[in-house]
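Participant: Residue-level listing of the chains:
Protein chains: 2
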Amino acid sequence: MSISEFELIDRYFRRRGARRNDVVIGIGDDGAVLRPRPGHELVLVTDTIVGGVHFPAMMSAGDVGYRALAVNLSDLAAMGAEPAWCSLALTLPQADETWLQGFADGLLELAERFDMELVGGDTTRGPLTVTVTAHGWVPAGQALRRAGAGTGDGVYVSGCLGDAAAGLRVVMGESTCDAESGSALTRRFLRPEPRVALGQFLRGVASSAIDVSDGLAADLRHVLEASARGAEVHLARLPISAPLRACEHGESAIERALGGGDDYELCFTVPPGRESTLGDWLAEDGVPLTRIGTVVERPGLRFVDAGDVVVDRHISGYAHF
Amino acid sequence: MSISEFELIDRYFRRRGARRNDVVIGIGDDGAVLRPRPGHELVLVTDTIVGGVHFPAMMSAGDVGYRALAVNLSDLAAMGAEPAWCSLALTLPQADETWLQGFADGLLELAERFDMELVGGDTTRGPLTVTVTAHGWVPAGQALRRAGAGTGDGVYVSGCLGDAAAGLRVVMGESTCDAESGSALTRRFLRPEPRVALGQFLRGVASSAIDVSDGLAADLRHVLEASARGAEVHLARLPISAPLRACEHGESAIERALGGGDDYELCFTVPPGRESTLGDWLAEDGVPLTRIGTVVERPGLRFVDAGDVVVDRHISGYAHF
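Protein chains in written order, with the working numbering: chain X, 1 to 321; chain L, 1001 to 1321.
Among these hints, one or two may not hold up.
[Claimed, not checked] Here are the simulated distance ranges between beta carbons: (1) L:A1228 with X:T277: 54 to 62 Å; (2) L:R1020 with X:R37: 17 to 25 Å; (3) L:A1057 with X:R37: 50 to 58 Å; (4) L:E1225 with X:V287: 44 to 52 Å; (5) L:E1097 with X:R37: 35 to 43 Å; (6) X:R291 with L:D1010: 26 to 34 Å.
[What the hints assert, rightly or not] Partner residues aside, some chain L positions facing chain X, computed with beta carbon under 7 Å: (7) V1045; (8) T1091; (9) T1176; (10) H1249.
[Said to hold, decoys possible] If you want the ones that stay clear, here's a sample from chain X, every Cβ over 12 Å from chain L, calculated: (11) D30; (12) A61; (13) C160; (14) V171; (15) H222; (16) G230; (17) H234; (18) H249; (19) L278; (20) V287; (21) D305; (22) V310.
Rather than coming from a laboratory, the hints here were simulated on the basis of the structure.
Where is the CB? At the ideal position from N, CA and C, for every residue including glycine.
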C-alpha cells in the first residue's frame, strides 16, 4: 500500500464532522488558525491511548477512534469547558484503509455530536498510539479545578461506577455473565459517555471536580490532595449498576466501583449551600447523581460501612508505569 | 522502578522552563486554562516523532526532547506565529529517570529560549513516541499560508539545504567525512534551529510559506499545489553549505538539498514589490536568505541548470507511509 500522509488526511479526516465558524484555517496547512472567544479562557487537555496498554489490541477501529476523543472530552467536562476544537496525532503500523475509515468514523461522529471540529493532525508510522489534544472554552475565571473542596462539602459522582472495568473483563473473556448484562457492561467500556453537559452545569456549583479515569479512589485522592482535605466515603452509597451486580459478587462489585478505571464519570464536591441546585440538573437530564460521602478536615480518603465504622481497604488505581 | 505518572510530571516537567502570565492554570489539573490575546488568532500545530522512524533509536534523550519541540516550533514559524504554550504526550517503554531528565532538559531549554510554557501533558507506557502540540499567536488575519504564491513571486529559502540529511548519514556511520565537516552536519541534524523570528518577520511580506521538513522539492510542491501555480528553481542557486560540499560530491549534494528532510528551514515566496524588504531582515539577523527561483503560471515544479535548460529530475521527499 502506498498512500502518502497528505492523501490520508485528505481522504479520511478533512472536510468532515462539525464545521465551526471560529475556524479560520483548518486541516491542510502547517497549522490551524483559530479565533478566540471574547471574555473566555481556553481550556487545553491532552490524552494518549496506546494499543495493548490502554485498550485491547483487538478493539475495533471505530471504538479506538471513539475512545481517543472521549477521554479528552471527559477531561474538558471535568474542567467545565465547552468543547471547540481538537487535533489528532495518529501513529499506526500501516495505512490500512478499512481501519482508517472505521477510526475516522468513530472519532468524527463523536466530535460532531459535541460540535467539535478536527482542525489539525499528524499521521506517522509506528506502533498504534493515538494522542488527541482538545480545546474548549470557559467563561473567564469559571474553570472547575481539583483544588477547592472544602470541609463539609458533599462528595458526588455521576452515573454508575465499575461498569467499564467489568466490561473490559467481559471483552477479554475473563467474566462469566448473562448475555444482557455482559452486553450492557461491554458497551459502557467501549463507548463511555463523557459528561460534557454536566461539567458545564457544575460551573459555579461544584467546589472541585475530576473525571474518573483511573478509578474513583485514585482520582478522588487527587482532589483531596489538591484541596488539602480528606473525605469519608460510604461504601453502601456507591452507585453500582444492575448489570454489574448481576455479573460480579458483592465485594468484587465494590472493588470494581472503587478501583476500576475507564468509567469517565465526574466526581465532584459541592458546598452545603449549593447542593439544592443539583435538583435543577436532575430535573433536566437523565444522568443520575449520587452523594457518596463528605469532605473532612483530616487528610486522607477513608471508607465507612453501614454502621459508620471506618473500613481498612487498600485500593490502587490504574498504575501508569 | 515504580514511579507514578503524577510523580513523573511533577519531578521532571512542572515548574520549570518559561513562566508566562497568560497561563491561569498550568500542569497538574485535568487541563490547562489559558488567557487569549485580544486582536489575535490562535495558531495550533502538532507533530509526532517516533523512535526508530523519525530519529535513530540511539539518539540521546536530550536530542529527542529538543527535536520533539523544534519540529513544532518550525511549524509555528511557517505560520508566522509567536510561540506561547505547548503540551506533551510522551509514550515510553519504561520510566528511566536518567533518560527523562535528559529529555526534559532538551525540551524545556528550547521552550524557555522561545518564551514558551509547557502547560499540560500525558505520560503513557509503550513504544517511544513523542507528540507535542504547540500554540502561538498571530495578529488577526496575518497568518502565513501555503496558498497565496503568485506568478512572478520570488522563491526563497533560509539557511542551507541538505545539511540535516547528510548529518543523519554521518550519525548512522554511512558517510566518510572529515571530522570538522561531519561534526557541523551532525549538529545541523541533531539541533535544527526553528526559524521563529524569520517567520514573524515574513508576516505581511511573504505571499506563502512552509517549513522544509520532508525535503525542499516535496514541501515546495505543497505550496505550489495550494497556490495553483508552478515554479522554476535554479539548481546552481541552491544554498549548499561548505561542510556539505566537503562531505558529498556535487550531484549528491544537490540530491540532499532537494530531497533531504529535517532541515527545518523556511521556504517562502515574495511578490516583486516587497522583495526589497528582505534587506531589513538581512541587516538585522544572521540567517541568510537565498532566492532560488520564480513562481510561474504553469503548474508543476521544474529545475533549470546554469543555461536555463529544464532538467528532468525525479525527487521524492520523505514518505510517511
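Participant: Run every hint past the structure and note whether it holds.
Facilitator: Outcome of the hint check:
no., hint, result
1, L:A1228 with X:T277: 54 to 62 Å, "56 Å, holds"
2, L:R1020 with X:R37: 17 to 25 Å, "20 Å, holds"
3, L:A1057 with X:R37: 50 to 58 Å, "43 Å, violated"
4, L:E1225 with X:V287: 44 to 52 Å, "47 Å, holds"
5, L:E1097 with X:R37: 35 to 43 Å, "41 Å, holds"
6, X:R291 with L:D1010: 26 to 34 Å, "31 Å, holds"
7, V1045, "4 Å, holds"
8, T1091, "6 Å, holds"
9, T1176, "30 Å, violated"
10, H1249, "30 Å, violated"
11, D30, "4 Å, violated"
12, A61, "16 Å, holds"
13, C160, "21 Å, holds"
14, V171, "20 Å, holds"
15, H222, "8 Å, violated"
16, G230, "18 Å, holds"
17, H234, "25 Å, holds"
18, H249, "30 Å, holds"
19, L278, "21 Å, holds"
20, V287, "18 Å, holds"
21, D305, "29 Å, holds"
22, V310, "25 Å, holds"
Taken one by one, the earlier hints fail for this structure at numbers 3, 9, 10, 11 and 15, listed in ascending order.
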